[in-house]
Amino acid sequence: MQQPSLEQLEQQQLIWRGRESSGPVAARPSGWPELDRQLGGGLPSRGVITVQGPTGIGELRLLWPFLSGRGALSGHGVLSDHSVLSGHGALSGHSEHSEKDRLVALIAPPYPLNAESLPGAGMDLKRLLLVQPGTDREALWAAEQCLKSGACQAVCLWQDRVPLVQARRLQLAARAGESANFLFLGAHNAAAGLPVDLCLELSPHPHGIAVSVPRRKQGWALSRFVVAMTDVWPELTLDTRPRQRAPYSGFYPASEPRANTDTGARIEVGGEVRGEAG
Amino acid sequence: MLWLYFEFPRLQLETQYPDRDKAPPLAVVKESDNRLVQVNEPASQQGVKRDMGLATAATLCRDIQLLPYKAELEVHRLHELAQELYALSGEVVLDEPCGVWLGATNMVKYHNGFDNYCRNIELLLQHCRLSYRLGCGYSPLAAQLLARAHLNRAEDDPERLREHIGRCALPLSGLPDKTLEKLKRLGLQSLDALLAIPLKELARRFDAELVQYIGRLTGQLKHPLPFYHPPEHFHRYRELPHELDNVRLLVPWLEQLLQELEQFLQRRDRVVERLELRLYPREAEALTLTIGAARGEYRAEQWRPLVELTLENQTLNAPVYALALEARELLVKEDGERDFFEAPARGDAPQLVARLQARLGREQVRGLCVRDDFRPAIATALTSPLSATDPLPAFTLGLRPSFLLSRPQPYRQPLELIEGPERIATGWWDGEPQKRDYYIARNSEGQWCWVFREPREAVWFLQGYFG
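In order, the protein sequence lines correspond to chains A and B. Numbering (my numbering) for the first sequence: 1 to 278. Numbering (my numbering) for the second sequence: 1001 to 1467.
Which residues of chain B face chain A? A few of them, derived with a C-beta cut under 8 angstroms, are: (1) 1365; (2) 1376; (3) 1405; (4) 1419.
Keep in mind the hints are simulated off the structure, nothing from the lab. The beta carbon of each residue, even a glycine, is placed where N, CA and C say it ideally should be.
Same shape as in the complex, but just chain A (with noise of 0.2 angstroms):
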C-alpha cells in the first residue's frame, strides 16, 4: 500500500503545528452563562463554528444573544442591559459598542425569517442582512465576502455540507475580517474534518437545548450539557405546567377562546384583549 504523503496527512487534519496555534481565540459571552462556563469564557467572536441539530429546537434562540451583541435576554422581549458581558472578563479586542454596530448576515436560511421575533430576541433589524442566493457556490462566495469585509460580526450560513476547500476559505476569512462564521450544516457528519474553531451539536430538550461540542481548537470536547431556557422562554419550555394535547382530527378544543373577533381584536389564552386594530 501506497504511504500517504505528508500533504494527505495534513488535509485530513491529523498533523498539528506548532507555528499554526497563534493563542487563544478571543471569546465572547453567548448570553448564557451555563454556555460560557462550559466553554470557558464564550463562543469565538472570530472563526467558524459549525452548528448541528435539528431545526425549530432552540439553535437561533441559543445564538441571538451574541448575534445581537447585547448580552443575556430576560424574559422574552426584555432585554437585560446591564448584561453578563459586564459580569465576564473575557471580552474580545472590540468594546461592546462596536459589536452592537456591526451586521449580522443571514444567508440561505431553510425558512423566511420572521421579522417580528427579532427584536423581541435583541436584534435590530436595521442591523440584519438577509442573503438568498440562487446556488450552493453564491452562497458561499457570499459569506466569504460578508466575512472578509469586517463589516459583519457575525455570519450564519446554512448548507448541507461544505467542502473542506470552502471551509478553510471561510475560516480565513472569517480571521481577516474578525468575523464569526456560524455554519449550520444540514447533513449528518458534515462536520467531520472540516478545519473549524468549535463545533455545536444540538438537540432538543424539555428545559431549553442540550449542547455537545464534539470537537474545538481550544480546549477538550465536552459532553452533553444542558442549557435552561425557562426564565427565558417559559413558553418555549416544559414544565410542569398542565398541557393540553392536541387532537389529531375532529375534535376542537374544550374551551373555544371568547372573542369578539370580527372588530380584529387580538386575544390571548385567558381572553385577555391585548390590542386592537382596525
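Assemble the complex: chain A is given as a structure, and chain B must be docked to it using the hints.
Leaving out everything else, chain B in the frame of chain A:
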C-alpha cells in the same frame, strides 16, 4: 470678440481607436463615394492620403483596415468633448460634425492671459488624444477660416490675423462653387482682394450670401451662434472598433467611461446610486444592466468592481458592437457623519451590500422590517438593506417564531400544545380576512412549532418554527 476654432480632422478615427501607438493602418471611408476621409499615422506613412479612392489605398497599403464614416459618431463625441471644454471655457459653440468654437475674450482673465488660456485648452485636447487644427479670429468665421488654412497658431494680434486672412485662398471660405467660379473669373484669387471691396459694392454685384459671409468674416455683420449648455445627466456611447464576444474584453472600455463619469460627477459635486450599462449585441435587443451602489458614489475605482461583478454573471449571446453608460439621477453628495478625530469604522457595510447585490442581484440581498399588521405573513416584509426601520408597533406581541413558512402547511403529526390559543382575526377590510387560533406546540422530535387552526375546522396548519 476673440474666437478660437478647433477642427478635429480625425475625430471618428481617434474616437474608435484612441490608442495611437498600437493602432494598425486605418482609414475612415465615406461609403457614398468610396473615398477616404480620415487616415491615421501608420497608414499615411505608407503613402495613403485623404481623398484617395479605396482601390488606390488598398494598393498602397495591403493591410489597411477600413471603418465606415458615421457622422453621428462624430457628433456624439463632439458633444462629449464640449462637456470637457465647458469646464475650461464658458462659451462653447458646436460646429457639427467636427468643429468647435470657443469664445476667448471673457475667459482670458480667468486663465491669466491669452497664451495660458490656449495652452490649457490644448493640454486638454492632447489628454483626450485628439489631433486638431486651431484658428483664432475676431469673428467666428475668421477663426474657422484660419483653422482650415492650417494656421495652427494661437494669436490675438488683430493686424497679423488680418494679414493671415488676406493670404487665404478663396476656396477655403466654403462659399458655393458658383460664387467661387464667378470670383475667379473676376480675377480675385485671395481673400485680400475680396476684402478690399466695400460691402456696398459687393451687395450690388453679388448675391446676399457672399455679402453676409464677408460681413460676418470681418465682424461688420452680427453672427448669432447658439451656445452650448452641458446636459443634466451623464450619457456616453462608444462604438467598438471590432465586435467583442467576451465580457472581460469590455472592461478596459468601461474603465475609460467610468473615468469620464467620475470627472463629470466631480465637476458637479454630485454622486449617483445607479448606473445603466447598455450592451448592443449584433442583431439582437440591447442588453440593459443596472448597477447599483448602496450609497451615492462618484469614484471610478469604487464603481469598477461593481461593474465587473455584474458583468461576470452575463453571458453574451451575440458579439457586442457598442456600449453605453448612463447615469440619470444625480444626487447631492452627502458628507459622512464621521468627524475627523473618530476612528474609521471597520468594514464598510454599504460597500459590502453593493458588492453582494452586484453579483447576486438586488432582490437577493435584503433587510427585514415589521409592518403594522396582525397577520404574520404580512407583518414581515423585505426592504432594502441597511434602511432605517419604522418604529415597531406599540402593542406587545405574543411570542413569535423566528422561521415562518412562506405558505402554511397542513400538519398531521402528533403535537403537544404548550401555549395558546392566540386568536388573530383580522384583515376583513382588505379582502384577505383571517380568523385563526395560534398555538405554540412541540412535536415528537422536540421541534417547537407555531401551528394554527381555523375555528370549527379540524386541520392543523404549521406556520413556523421557533428556531
